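There are 2 protein chains.
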Amino acid sequence: MSDKKIVGKQSIAFQNPPVITGYASIVGKKEGEGPLGSYFDRIDEDALFGGDNWEDAESRLQKMTAELAIQKAMLKPDDIRYIFAGDLLGQLIATSFGIVDLKIPLFGVYGACSTMGESMSLGSVLVDGGYADHVVAMTSSHNASAEKQFRFPLEYGAQRPLAATWTVTGSGAVVISSCDKADAVKNDDAIIEIKGITTGKIMDYGVKDSMNMGACMAPAACEVIAQNLTDFKLSPAYYDKIITGDLGVVGQKILIDLLMEKGFDISHNHMDCGIEIYNADTQDTHAGGSGCGCSASTLCSYIMKKMQSKEWKKVLFVPTGALLSTVSFNEGNSVPGIAHGVMLEVRS
Amino acid sequence: MSDKKIVGKQSIAFQNPPVITGYASIVGKKEGEGPLGSYFDRIDEDALFGGDNWEDAESRLQKMTAELAIQKAMLKPDDIRYIFAGDLLGQLIATSFGIVDLKIPLFGVYGACSTMGESMSLGSVLVDGGYADHVVAMTSSHNASAEKQFRFPLEYGAQRPLAATWTVTGSGAVVISSCDKADAVKNDDAIIEIKGITTGKIMDYGVKDSMNMGACMAPAACEVIAQNLTDFKLSPAYYDKIITGDLGVVGQKILIDLLMEKGFDISHNHMDCGIEIYNADTQDTHAGGSGCGCSASTLCSYIMKKMQSKEWKKVLFVPTGALLSTVSFNEGNSVPGIAHGVMLEVRS
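Just so you know, the protein sequences line up as chains A and B, in that order.
So in numbering that gives the first Met the number 0 the end of the first sequence lands on 347, straight run, no missing numbers.
So in numbering that gives the first Met the number 0 the end of the second sequence lands on 347, straight run, no missing numbers.
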């Protein structure tokens, strides 16, 4: 690893790698019934999370998840210098109404379903640079608020094609702390560091099918993964896992093919959170899970636990986002993609 | 000024204050006819900016403004390490479709009309910390796309109460460069440094009137200004101007009163971009201008020119945002506010 902060064309290597001192995941009933069910901190049977409507539900979900992550880091909200958060809803209302009571200075971010990668990237920079001791990076999605926002109200019972994904009801939050403030990590747990980031550009291959988001996002994931490997002069085998957010089975195949064309074979160590989070055969989720909460809740459960047990020591976490709105889609625009790469490593 | 980066509860003091090496403002016809008309770089008579619809118009506006700022900094898009950008539209589509062709790694941000403060804050941190030589911070709003997004299509001819503001059609972009890369600044121009930032929390006083955004945002502006003065141990008179984004005449009065209650008198040096940008008597804009583009285009024209002529040497720039969506509003929620403070100073 270089001793310079600025690495290659799009990457940063942290000189004082920040540490994840707390993480939490809270999901809905369907996610709890999926293959990762036993890894989540909390599964709520009530799709409204005690709220009055779907947006309120998602706000409550974000608040609970942030509070749990801060608590698991053995900190109080007052110890958190900044929160980096966003969601899929117009004007980020799940975040605005969710975290207002925490009274933490907010940087609102939007990267569609890549938001967890963006919030972790910016949060890590502020911690590495000595601008904050502790920050929270988080995001969420809710199946019902997202369907209402992007597609059809659930009550319509609209049919979904096989390339479509299922928006995850879930939230994930991490507390990122400076390396000298990592005493909150319990002695028996491995210490997970954020070694670097690779920031994505918007990639537009002209795909216009909002029911095939995997195809829309795969070029962006390909660009960020290839750039990470190039910037740091690594081969794919450096990582135990290269983990995308929500490409699903259609997008995964495209990603592996696109990277093969660039000379990178990730077919042996690629994993996609959207494929892992549901059992497609029994849960009727078609191509997989999606939404900001898909990669965020999978990171803050399954991935962190695999790393804490040292089964995986080096992970490139690449949440993937599809940049569309109902307005842009109905005006005939394509669906561009963006992805943000975060390098997670177990401290040796 | 302290020699520590972390100052007080919510502020950062930059150790290597980044420099604004380029800035650009492009606005619509109505803004060009206002009191600041002669300060803008470009006034476009075509409300569609050559585009097919209002969203496309705003995307084209962002792209033109970013390109002009980069050109005025004597740089190429390839020299820009990151772009920090966002807008008011759902899922930030003005930004996504506006800057895709620039092929610059993107951090999408959302702070409603405080977005210029947020993008400049984060961009400055990355430059100060040595993570980037040059970044672009920008935002935009468009009257027609915003009215369609938040209120009624223009064609309805809806009546507006006197507390309402008029969304600015305009965009502002700055190039923020590391202090040792500021050779792009022409010799005869003053060098404008970003000395520090104060990051806002969401403030919710329970105001539910989306036609009185000034009242919604004033508490957030008050909180950030008071915190900036407290964190840096300054009196309001330290600044030649304390400039909010788009409080308008109603919000300005509330802000001055709220700060007076906290013991800070800003009545002599407060300015609000929303009040300056239109002539309320002749332009039928009621309480003033608003929108992300209001503070951004005023910064990148009038404010920068007043600073380059050294008439103003110290400015606290505080874009203000109202966090609402049609969904949250129709569900009966209040309209919380947020604001982000940026300390601009002429290098002595």
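In case anyone wonders, no lab produced these hints; they're calculated from the structure.
Because the structure is a prediction, the values reported are computed rather than measured.
You may find that some hints are simply not true.
Said to hold, decoys possible - From the structure, some residues in chain A lie toward chain B, with a derived Cβ separation under 8 Å:
| no. | residue |
| --- | --- |
| 1 | Leu-91 |
| 2 | Thr-198 |
| 3 | Ile-201 |
What the hints assert, rightly or not - Label-pair distances were calculated between CB atoms; the ranges are:
| no. | chain 1 | residue 1 | chain 2 | residue 2 | range |
| --- | --- | --- | --- | --- | --- |
| 4 | A | Ala-46 | B | Met-259 | 44 to 50 Å |
| 5 | B | Asp-179 | A | Asp-100 | 39 to 45 Å |
| 6 | B | Met-210 | A | Pro-34 | 48 to 54 Å |
| 7 | A | Lys-75 | B | Lys-28 | 31 to 37 Å |
| 8 | B | Lys-207 | A | Lys-304 | 28 to 34 Å |
| 9 | A | Ala-46 | B | Lys-207 | 50 to 56 Å |
| 10 | B | Gln-158 | A | Ala-46 | 35 to 41 Å |
Ideal placement from N, C-alpha and C gives every residue a C-beta, glycine not left out.
So, going through the hints one by one against the coordinates:
For Leu-91 of chain A, the shortest C-beta to C-beta distance to chain B is roughly 5 Å, which falls under 8 Å, so the interface hint holds. Contact between Thr-198 of chain A and chain B, as hinted, is supported at the beta carbon level, the nearest pair being about 4 Å apart and thus within 8 Å. Against a cut-off of 8 Å between C-beta atoms, the interface hint on Ile-201 of chain A holds, since the closest Cβ of chain B lies about 4 Å away. For Ala-46 of chain A paired with Met-259 of chain B, a C-beta distance near 47 Å keeps the hint of 44 to 50 Å intact.
Our hint of 39 to 45 Å for Asp-179 of chain B and Asp-100 of chain A holds, since their Cβ atoms are close to 43 Å apart. Our hint of 48 to 54 Å for Met-210 of chain B and Pro-34 of chain A holds, since their Cβ atoms are close to 49 Å apart. Checked against the hint of 31 to 37 Å, the C-beta distance between Lys-75 of chain A and Lys-28 of chain B comes to roughly 52 Å, which is inconsistent with it. Lys-207 of chain B and Lys-304 of chain A have their C-beta atoms about 44 Å apart, which leaves the hinted 28 to 34 Å range violated.
Between Ala-46 of chain A and Lys-207 of chain B the Cβ separation comes to about 27 Å, which falls outside the hinted range of 50 to 56 Å. A hinted range of 35 to 41 Å holds for the C-beta pair Gln-158 of chain B and Ala-46 of chain A, which are about 40 Å apart.
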